[in-house]
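Peer 1: In order, the protein sequence lines correspond to chains Z and B.
Quick note on the numbering used here: the first sequence kicks off at 22 and runs consecutively.
Quick note on the numbering used here: the second sequence kicks off at 158 and runs consecutively.
It is worth saying that the hints were derived from the structure and are not from the lab.
Only a predicted model underlies this, so the values are computations on that prediction, with no experimental measurement involved.
Virtual Cβ for every residue (Gly too), placed ideally from N, Cα, C.
Treat the hints loosely; a few may be bogus.
Listed next, the stretches of chain B that the computed footprint assigns to chain Z, with coverage defined by at least 3 CB atoms under 8 Å from CB atoms of chain Z [said to hold, decoys possible]:
#1 198-210
#2 250-258
Selected chain Z positions facing chain B (Cβ under 8 Å, derived; list incomplete) [said to hold, decoys possible]:
#3 61
#4 128
#5 137
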Amino acid sequence: DTAVSQTPKYLVTQMGNDKSIKCEQNLGHDTMYWYKQDSKKFLKIMFSYNNKELIINETVPNRFSPKSPDKAHLNLHINSLELGDSAVYFCASSQDSSGGARNEQFFGPGTRLTVL
Amino acid sequence: SQQGEEDPQALSIQEGENATMNCSYKTSINNLQWYRQNSGRGLVHLILIRSNEREKHSGRLRVTLDTSKKSSSLLITASRAADTASYFCATDLGYGKLTFGQGTILTVHP
Numbered sequence: 022d023t024a025v026s027q028t029p030k031y032l033v034t035q036m037g038n039d040k041s042i043k044c045e046q047n048l049g050h051d052t053m054y055w056y057k058q059d060s061k062k063f064l065k066i067m068f069s070y071n072n073k074e075l076i077i078n079e080t081v082p083n084r085f086s087p088k089s090p091d092k093a094h095l096n097l098h099i100n101s102l103e104l105g106d107s108a109v110y111f112c113a114s115s116q117d118s119s120g121g122a123r124n125e126q127f128f129g130p131g132t133r134l135t136v137l
Numbered sequence: 158s159q160q161g162e163e164d165p166q167a168l169s170i171q172e173g174e175n176a177t178m179n180c181s182y183k184t185s186i187n188n189l190q191w192y193r194q195n196s197g198r199g200l201v202h203l204i205l206i207r208s209n210e211r212e213k214h215s216g217r218l219r220v221t222l223d224t225s226k227k228s229s230s231l232l233i234t235a236s237r238a239a240d241t242a243s244y245f246c247a248t249d250l251g252y253g254k255l256t257f258g259q260g261t262i263l264t265v266h267p
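Chain Z with its partners taken away, still in its complex shape (with noise of 0.2 Å):
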């Protein structure tokens, strides 16, 4: 059983289209998150939600919105897509937010995201 998954695994998609990448997570996890990788492997995070509320909202443009329809579900919706998008996104979940090892992350296989 996946515990973290993402779909799509890979997604081929030009300048100014607008797509959505889907995280589910079957853990009964409170917390979910999403980070973006760049080419040069570094990982930033994103967006966190915890039962469906946002916590965390990083320096992120406003064409990236993400939604979370329940606590096992939080998707990001791209808007207007730039060259600069193309990047590995990843979604996590953790027990919640509270700290120590409730804040152990669980990581999706990932989105490769490529903008032409």
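Given chain Z, work out where chain B should sit, using these hints.
Peer 2: Using the frame of chain Z, we list chain B on its own:
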């Protein structure tokens, strides 16, 4: 700005040798975590050390934390070819916000 900095950026060793990776950070932390990433895969949590702990072990892994120097090290003993991966330290600043270093690429030759 980046919170964690790993050193070295790349490490190449023979199977059976020990591998040591270091991580330095800039601000106070709740805990520090180490993750492994195999090529083309997601990150896998290895070990978490709290800010009031100095050393932690898990199997062949040993992590130390020196909060006065704002540094941590990950030691993998008796390395195996399957340990080949990128290793990241991540500092937990609170609310689950992890800030990752740029990683150490470890290659273990059979």
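Peer 1: All hints, please: hold or fail.
Peer 2: Quick rundown of the hints versus the structure:
Proximity of the segment 198-210 of chain B to chain Z, defined as three or more residues with a beta carbon under 8 Å from a beta carbon of that chain, is established by the 7 residues found. Using a Cβ-Cβ cut-off of 8 Å, 7 residues of the segment 250-258 of chain B lie near chain Z, which meets the minimum of three, so the contact claim holds. Nearest Cβ of chain B to the Cβ of residue 61 of chain Z: about 7 Å, under the 8 Å cut. The hint holds. Against a cut-off of 8 Å between C-beta atoms, the interface hint on residue 128 of chain Z holds, since the closest Cβ of chain B lies about 4 Å away.
The beta carbon of residue 137 of chain Z comes no nearer than 21 Å to any beta carbon in chain B, farther than 8 Å, and the hint placing it at the interface is violated.
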